[in-house]
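Could you build all of it, start to finish, from the sequences and the hints given here?
Read off the chains here:
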Amino acid sequence: DVKVTQSSRYLVKRTGEKVFLECVQDMDHENMFWYRQDPGLGLRLIYFSYDVKMKEKGDIPEGYSVSREKKERFSLILESASTNQTSMYLCASSLLDRDGSPLHFGNGTRLTVT
Amino acid sequence: GQQLNQSPQSMFIQEGEDVSMNCTSSSIFNTWLWYKQEPGEGPVLLIALYKAGELTSNGRLTAQFGITRKDSFLNISASIPSDVGIYFCAGISGGSNYKLTFGKGTLLTVNP
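Sequence order for the protein chains is A and B. When we follow the numbering used here, the leftmost residue of the first sequence carries the number 44, and every step to the right adds one. When we follow the numbering used here, the leftmost residue of the second sequence carries the number 223, and every step to the right adds one.
These are calculated hints, taken from the structure and not from any lab test. Take the hints with a grain of salt, since some may be wrong.
[Unchecked claim] So the derived list for chain B, only partly shown, Cβ under 7 Å to chain A, looks like this:
| # | residue |
| --- | --- |
| 1 | Asn252 |
| 2 | Leu255 |
| 3 | Glu263 |
| 4 | Gly264 |
| 5 | Leu267 |
| 6 | Ala270 |
| 7 | Lys273 |
| 8 | Ala274 |
| 9 | Ile314 |
| 10 | Thr323 |
| 11 | Phe324 |
Remember, predicted model here, so these are calculated numbers, not experimental data. Each residue gets a CB set at the ideal place from its N, CA and C atoms; glycine is no exception.
In structure tokens, the structure reads:
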């Protein structure tokens with residue numbers, strides 16, 4: 044079974060802090076993704092990566108950056124956290140597959156910025 | 223951009239009842255996915271559909287890829303309390319799986 048592990052289930056940070064959310068997958072997947080999930084807005088793509096050191100902006104990249112130094116690890120960085128970044132953050136991975144390989148999600152990190 | 227209309231937004235049913243939910247779009251998709259998310263957890267893949275007209279079952283769950291490639295439905299038969307959660311559809315287009323569009327979800331509540 045695919046396992047996507049997010050390092051923290053809950054985080055509380057203060058406005059202005061630099062925040063790192065870590066994600067590791069164990070299935071040698073090429074693609075990795077970061078989404079945020081908010082009530083009424085559904086899942087929104089922040090960034091994705093299809094290879095080591097490669098990254099692409101999703102629909103809402105402002106205020107975020109990412110890092111993919113190793114194939115199995117994809118980090119989301121909030122350079123200066125703000126209260127409107129309080130959300131559930133979901134990491135996912137998938138094969139690089141022309142047929143459309145399903146995404147497999149981690150359990151999420153609920154971030155609160157005070 | 224592409225949008226998926228998922229309905230209903232929520233359902234309240236009695237244990238043992240059958241459930242049906244669907245997603246429609248004005249765009250064509252190559253793959254349809256159905257996920258379930260329980261409170262405080264990440265979405266879990268239930269069923270993946272890759273061909274127009276495909277009908278796939280996973281236990282009490284059955285999903286179909288619409289023949290027009292613009293819709294999909296998910297049925298749950300004989301619901302039980304642990305079916306509670308949010309069900310999401312997702313469509314993948316263009317042969318590139320980072321062009322993935324999610325529906326807003328259907329919240330299912332099952333009364334024992």
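Quick rundown of the hints versus the structure:
This hint holds: Asn252 (chain B) has a C-beta 5 Å from the nearest C-beta of chain A, less than the 7 Å allowed. Contact between Leu255 (chain B) and chain A, as hinted, is supported at the beta carbon level, the nearest pair being about 5 Å apart and thus within 7 Å. A distance limit of 7 Å between C-beta atoms decides the matter here; for Glu263 (chain B) the minimum to chain A is near 5 Å, and the interface restraint holds. Hint on Gly264 (chain B) holds. Least Cβ distance to chain A is approximately 4 Å, under the 7 Å limit.
Hint status for Leu267 (chain B): holds, given a least beta-carbon distance of 5 Å to chain A, under 7 Å. Below 7 Å, beta-carbon pairs count as interface contacts, and Ala270 (chain B) has one with chain A at about 5 Å; its hint therefore holds. The restraint placing Lys273 (chain B) at the interface with chain A is violated, with a minimum CB-CB distance near 10 Å, outside the 7 Å limit. With 7 Å as the threshold, the beta carbon of Ala274 (chain B) stays out of range of chain A, its nearest partner Cβ sitting at about 13 Å, so the hint is violated.
At a threshold of 7 Å, the smallest CB-CB gap from Ile314 (chain B) to chain A is about 4 Å, leaving the interface hint in force. A cut of 7 Å between beta carbons decides the hint on Thr323 (chain B): the least distance to chain A is about 10 Å, and the hint is violated. Because the smallest distance between the Cβ of Phe324 (chain B) and any Cβ of chain A comes to about 5 Å, under 7 Å, the interface hint for this residue holds.
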